[in-house]
Amino acid sequence: MQFYLPIAEVSVNAFVLLGIGGLVGILSGMFGVGGGFLITPLLFFVGIPPAVAVATSANQIVASSISGVLAHLRRKTVDIRMGLVLLAGGLIGAALGVWVFNILRQLGQVDLLVTLCYVVFLGIIGALMFVESLRALRRTRGGALPPRRKHNWVHNLPFKMKFRTSGLYISVIPPVMVGLCVGVLAAVMGVGGGFIMVPAMIYLLGMPTKVVIGTSLLQIIFVTAFTTLLHATTNQTVDMVLAVLLLVGGVVGAQFGTRLGTMLKAEQLRIALAALVLLVCGKLALDLLLQPSELYSLTPLRPV
Amino acid sequence: MRRWLAALFLMALPAEAAEEVVADLSQSRVGINATFNGSEILVFGAVRRNYPVSPAGELGVVITVAGPSTPVVVRKKDRTAGIWVNTEAVEVDRAPSFYQIVTTGPLNELVSATEDLRHGITIDRAIRSVGAPVTVGNAADFTEALIRIRTNDGAYAVQEGGVTIQKDTLFRANVALPANLTEGNYTTRIFLTRNGDVVSRHTTTIHVSKVGLERFLHALAHESPLIYGLLSLAIAIAAGWGASTVFRYIRG
Chain C
1 MQFYLPIAEV
11 SVNAFVLLGI
21 GGLVGILSGM
31 FGVGGGFLIT
41 PLLFFVGIPP
51 AVAVATSANQ
61 IVASSISGVL
71 AHLRRKTVDI
81 RMGLVLLAGG
91 LIGAALGVWV
101 FNILRQLGQV
111 DLLVTLCYVV
121 FLGIIGALMF
131 VESLRALRRT
141 RGGALPPRRK
151 HNWVHNLPFK
161 MKFRTSGLYI
171 SVIPPVMVGL
181 CVGVLAAVMG
191 VGGGFIMVPA
201 MIYLLGMPTK
211 VVIGTSLLQI
221 IFVTAFTTLL
231 HATTNQTVDM
241 VLAVLLLVGG
251 VVGAQFGTRL
261 GTMLKAEQLR
271 IALAALVLLV
281 CGKLALDLLL
291 QPSELYSLTP
301 LRPV
Chain V
305 MRRWLAALFL
315 MALPAEAAEE
325 VVADLSQSRV
335 GINATFNGSE
345 ILVFGAVRRN
355 YPVSPAGELG
365 VVITVAGPST
375 PVVVRKKDRT
385 AGIWVNTEAV
395 EVDRAPSFYQ
405 IVTTGPLNEL
415 VSATEDLRHG
425 ITIDRAIRSV
435 GAPVTVGNAA
445 DFTEALIRIR
455 TNDGAYAVQE
465 GGVTIQKDTL
475 FRANVALPAN
485 LTEGNYTTRI
495 FLTRNGDVVS
505 RHTTTIHVSK
515 VGLERFLHAL
525 AHESPLIYGL
535 LSLAIAIAAG
545 WGASTVFRYI
555 RG
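Quick note, the sequences are listed as chains C and V, same order.
Take 1 as the starting number for the first sequence in my numbering and just add one per residue.
Take 305 as the starting number for the second sequence in my numbering and just add one per residue.
If you're looking for bench data, these hints aren't it; they were derived computationally from the structure.
Given the structure is predicted, the values throughout are model-derived calculations rather than measurements.
A couple of the hints might just be wrong.
To be verified - Below, in silico cross-link-like pairs of lysine-lysine (PhoX-like), each with a Cα-Cα straight-line distance of 25 Å or less: (1) C:265 <-> C:76; (2) C:210 <-> C:76; (3) C:283 <-> V:381; (4) V:471 <-> C:283; (5) C:210 <-> C:283; (6) C:160 <-> C:210.
In isolation and in its complexed conformation, chain C is listed as follows (with noise of 0.2 Å):
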């Protein structure tokens, strides 16, 4: 069934945009990862200019990102009062990234430094945490137990702060910090910064890995928000039609995700995360090294 969207001015199926929707879902509600980094490369893919696609995806995320909350919420996975100091750091990041993101463009290579953004967080972190989950994974098999967690540095920094859901008692300072950072890269690649955050959680706050996910989704959905109301105000990008269609397969998607999250063991889920990430990574690296069969691309602009 053919749709024609209105703001993206193309025809396209519907069902392949449920099933896109779907997919991001069910990867929302497992992960705790908005789905950004890849839902934007799949809309690319059928063929929606870029600056919908981003606009848009921000919208659905959105949507996704409730969904997967309340499961989470009923089930007490979510630490409010953290994601309360992540959403602090991360709306002066995303005020931050979109004056970044207007210097980029002026200088015109705003597509190759998102995408080399894209490579290298995505590697580093894809890397990391495959490294890690594997090492974990091993332990677990072998029957000894989890070494405790050591006190670094996070550890020492001043107004401490206790965080009861996830256990811990910790200075301000590294969520803010992390929420920044991750509000800077939303605004610039055009993601929720799931896919940064929760490792961040994981590896340099210690939070519990099943409290992690929910407090990510619950930081995403106002950062996505924030920054799909910054699309429709100043570019006028976000198709509404085209983010129905993604949002009904997205929460459907985000409701079994979250199931199938409950039924592997933390470990599995990581590593499941890290080969995900390496691959996008992997396709976006290619794409700047392997010869591209057009060479030149296409910009049409308003007419004056």
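Let chain C serve as the given structure and place chain V on it in line with the hints.
Showing chain V alone in chain C's frame:
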């Protein structure tokens, strides 16, 4: 319809010793709704003349349909430090979003180079590029690339032999409008040619506009973006909450 056109032809009053093209479209308005999946337009017409004998040379009909023109930036990738980056860019001042040529025969035989220059019939002529920067040595490559990409997308096409002509008088042709049509006025020109010269031309317009929900959303997005943005968010929040509630109900 054909009979009506023939009658029109017969009734034609003798005015001067020339041939004139009379033409119309099956529809002059195309509405894009949610399930729009392309449209086909029939271009039909007749040759009106006031003398019984045809002049020398074979009669040719050339139909062009051009979408709204916009400036286009064409970027070229080059390998820099091992990765492919956009290096050079040329702005083509004016390129139609859609351009179809339908003719009775080979285009270069129907229209001479001078006539092409005068009327801007071929795709090369329909695109205007003057502002290429001096630093770019081969600006022509960029225009060529633009035509190549749009031809591969199906936006630009030449359909030689797509016009059927009967008894040197009546002609008709189908022009397919693709599903990813942009809004605007599509200028349709019909040229009558003999010996490479354009002897008569007729210009008409197809108005392509969004209708219904598509129109409403597009207008809302551009006229009150904040409300549009908030509405998008409201839908997202409602959908997320709705799905969660429904699933809890199913499981409970």
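Hints and how they fare:
For a cut-off of 25 Å, the pair hint linking residue 265 of chain C to residue 76 of chain C stands: about 18 Å separates their Cα positions. At roughly 10 Å between alpha-carbon atoms, residue 210 of chain C and residue 76 of chain C fall within 25 Å of each other, so this suggested pair holds. For the proposed pair residue 283 of chain C and residue 381 of chain V, the alpha carbon gap of about 18 Å is at most 25 Å, so the pair holds. Distance check on the hinted pair: residue 471 of chain V and residue 283 of chain C sit about 59 Å apart at the alpha-carbon level, beyond 25 Å; violated.
A threshold of 25 Å between alpha carbons decides the hint, and for residue 210 of chain C with residue 283 of chain C the separation of about 29 Å lies outside it, so the pair is violated. Between residue 160 of chain C and residue 210 of chain C the CA atoms are separated by roughly 23 Å; this keeps the pair inside 25 Å, and the hint holds.
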